[in-house]
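Construct the entire structure; sequences and hints are all you get.
Chains U and C supply the protein sequences, listed in that same order.
The first sequence maps to residues 1 to 386 in UniProt numbering.
The second sequence maps to residues 1 to 386 in UniProt numbering.
Among the hints, erroneous ones may be present.
As the list makes no split between identical chains, a pair holds if one copy fits it or if it spans any two.
[Stated by the list, open to error] Keeping only pairs whose Cα atoms sit at most 30 Å apart, straight-line, the calculated DSSO-like set for lysine-lysine is:
1) K159 - K323
2) K251 - K275
3) K149 - K176
4) K320 - K131
5) K320 - K159
6) K353 - K323
7) K104 - K176
8) K213 - K306
9) K323 - K131
10) K283 - K323
11) K213 - K131
12) K213 - K23
Since the hints were derived computationally from the structure, they do not count as laboratory data.
Protein chains: 2
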Amino acid sequence: MTEPKSHLPLTPSNITKAHSLIKSYIHHTPLLTNTTLNTLASTPQSAADLVGTPWEGHSSSGGGGAAAASPRIRFYFKCENFQRIGAFKARGAFHALLRLIEEKGEDEVRRRGVVTHSSGNHAQALALAGKTLNVPAYIVMPSISTPSKIASTQALGAKVIFSGSTEPEREAVKQKVQQETGAIFIPPYDHPDIILGQGTVGLEMEGQYEELKGKAEGKGLDAVFTPIGGGGLNGGVATWFSVPANEGRKKTLVFGAEPSFEGANDCQRGLAAGKRVEAVSTKTIADGLRTPVGHHNWAVISDPSKIAGVYSVTDDQIKKTMKLVLERMKVVVEPSAVVGLAVCLFDEDFRRKVEQEGGEDGWDIGIVFSGGNTTVEAIGALFASN
Amino acid sequence: MTEPKSHLPLTPSNITKAHSLIKSYIHHTPLLTNTTLNTLASTPQSAADLVGTPWEGHSSSGGGGAAAASPRIRFYFKCENFQRIGAFKARGAFHALLRLIEEKGEDEVRRRGVVTHSSGNHAQALALAGKTLNVPAYIVMPSISTPSKIASTQALGAKVIFSGSTEPEREAVKQKVQQETGAIFIPPYDHPDIILGQGTVGLEMEGQYEELKGKAEGKGLDAVFTPIGGGGLNGGVATWFSVPANEGRKKTLVFGAEPSFEGANDCQRGLAAGKRVEAVSTKTIADGLRTPVGHHNWAVISDPSKIAGVYSVTDDQIKKTMKLVLERMKVVVEPSAVVGLAVCLFDEDFRRKVEQEGGEDGWDIGIVFSGGNTTVEAIGALFASN
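Encoded structure:
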């Protein structure tokens, strides 16, 4: 079982507390702007762009079909690819571990240690938090994990224990570790402390945006996009922005984005069906987003007062967007990081919404670049066939 | 001939003036730090690292041979890869064009236009400056240039004229353009206005470093590295830091770095021979550094009171360094941008110097990332065989 059993409620004030707890351990990552991407997003898609999409036949040139959407968009990129271990996951891992120590005391937590299963960014995040706070971290990884990920988790001082690749196999290994060591389970996303930790991304974004624009303007971000994998980041950010509009200030709408390849858009499908999708099997290139949304996360994301919508994009659109970010912004992102930006560039339904609701002013849209953990070889493989 | 004929002297105060002229047209690029790269640079190389290098047999483990150097290094990265058009070249191009307008008046410069030959970053820089200041820009490019570079130069409103690939061929085309249009030649690097413009990189770095460290400390950067191609950037930065040490403040030493592949280290070779090398033919992956150092540039770089040394690195070391920067810092750099960092990581002579002169305190080293103009396909090709 997961501990602690007494959960903090998912509220903005608990995100503020989470930020106080973790801020000396994490990077205050920059909020960047980029003129080229603003221009691209604010240019209607051409007929050629729309061939093979659900919007084929719409184009800016008119000529019979409905015109392509013509939104005005200014982006604010929260660069969690520059976060420690290269992804936002450091926030949740530090928060969960610091909360455990608060509740059980250093001695007990250091004696028992913590355990998780992950072959991705959460493994390194928990390893780093464990190393920093002097708590043994046991990471259950499939034995087929890439050697570089195993090595970098070990380099952070974690003990890596191998398992098979299926859920029951890794669960069995995890339980064995718990029996032998008493280690406390810190799940990758399905836990309030993780969600509150990731929510600090929203807190920082809002502050940085206001600083950039000058608070006098009294206008917040119109919208924020995060990727949805397990839903920790999206659930946390939505919790932060869940305060109602006040003093004439428009509420910041939070949106989620997923890959659509092989049904990886489990959240979008679940929302359509009114029921959480429990399992996903996909090989989307957005490998951080191959997991189904967790229980705690679903409770937030399925609440329409918190999430304004979830969109999905194709792997080809993810590749196009990743190429733009690397070549135009000159920052390295992993495929999972760009799904929100891809929606803004390519999804005509969303773009029409911005055109209609944003009008002449347009929208200021926050985009969370969730991580940057890729390799030059992986980039090469991704773009080799182009 | 190049105009204007009355050249500004290469002095720090003329760089200050250049900065005032151009600063509203360029980005004030960030000065970034990175703990991982500091740690790597401050760790002695192992025996295995040194196999096949001139320092083979030296290693940190001792065992007979001399130990590998053990310097303490903290880096400050000036990110000109985030500059407009993706490289520092925007600075020199804007400065040269603004100076022309100052001297000859807007009307004459707009009537005649400007011309240059470049297949690289200078082409786009001059195109951007021309577009911004409403001056026609004629760019002579070899017809074998990559289509994407031709397209992006044209997208910036420049008129691209094709030539053969040899120096006489492009010179003939350039002269023909000048005869037909009266366009004024703005060379890529061999001109004082270009050198002064690029020198603004040094001015900004020094200010940003002091802001970061708190001026109270009264200590400047110990050293700065820039790449050397034609020598505009290195000559400009060396000019900025050419003020002698004062009030007990140590002078910032300026170093240059070149690729060694197929003799691309023309500057290093020229310094050894006491004579500028006039022609280079190399296919180093650092394609921005395939040119020989210019005349004006040589006058600065061959002055030992301005340049403390020039080092060179192999293409393999450039690739290793580029991989580190993309994967650890998560910023996109072109191969030419990392030669200085490669020296700090791999050159035992330089590392020994830092160990001996920096001692326990070590050195704060400024590294100019000169540009980030590469593509995901080029990255893929570079790292495909690894």
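Quick rundown of the hints versus the structure:
Only between protomers do K159 and K323 lie at most 30 Å apart by alpha-carbon distance; the minimum there is 27 Å, versus 36 Å within a single protomer. Taking the shortest alpha-carbon separations for K251 and K275, only the intra-copy value of 26 Å comes in at or below 30 Å, while the best inter-copy value is 67 Å. In the homo-oligomer, the alpha carbons of K149 and K176 lie at most 30 Å apart inside one protomer (23 Å), although the nearest pairing across protomers, at 58 Å, exceeds that limit. Taking identical chains as interchangeable, the C-alpha atoms of K320 and K131 lie at most 30 Å apart only when they sit on different chains, with a minimum of 28 Å there against 37 Å within one chain.
Taking the shortest alpha-carbon separations for K320 and K159, only the inter-copy value of 28 Å comes in at or below 30 Å, while the best intra-copy value is 38 Å. Taking identical chains as interchangeable, the C-alpha atoms of K353 and K323 lie at most 30 Å apart only when both belong to the same chain, with a minimum of 25 Å there against 40 Å between chains. For the homomeric pair K104 and K176, the shortest alpha-carbon distance inside one copy (22 Å) is at most 30 Å, but the shortest distance between copies (81 Å) is not. For a Cα distance limit of 30 Å, the shortest separation of K213 from K306 inside one copy, 24 Å, qualifies, whereas the shortest one across copies, 42 Å, does not.
Taking the shortest Cα distances, K323 and K131 sit within 30 Å of each other only across copies (26 Å), while inside one copy they are farther apart (35 Å). In this homomeric assembly, K283 and K323 come within 30 Å of each other (Cα to Cα) both inside a single copy, at 20 Å, and across copies, at 26 Å. For the identical chains of this complex, K213 and K131 are inter-copy neighbours only, at 28 Å across copies versus 38 Å inside a copy, given an alpha-carbon limit of 30 Å. For the homomeric pair K213 and K23, the shortest alpha-carbon distances inside one copy (23 Å) and between copies (21 Å) are both at most 30 Å.
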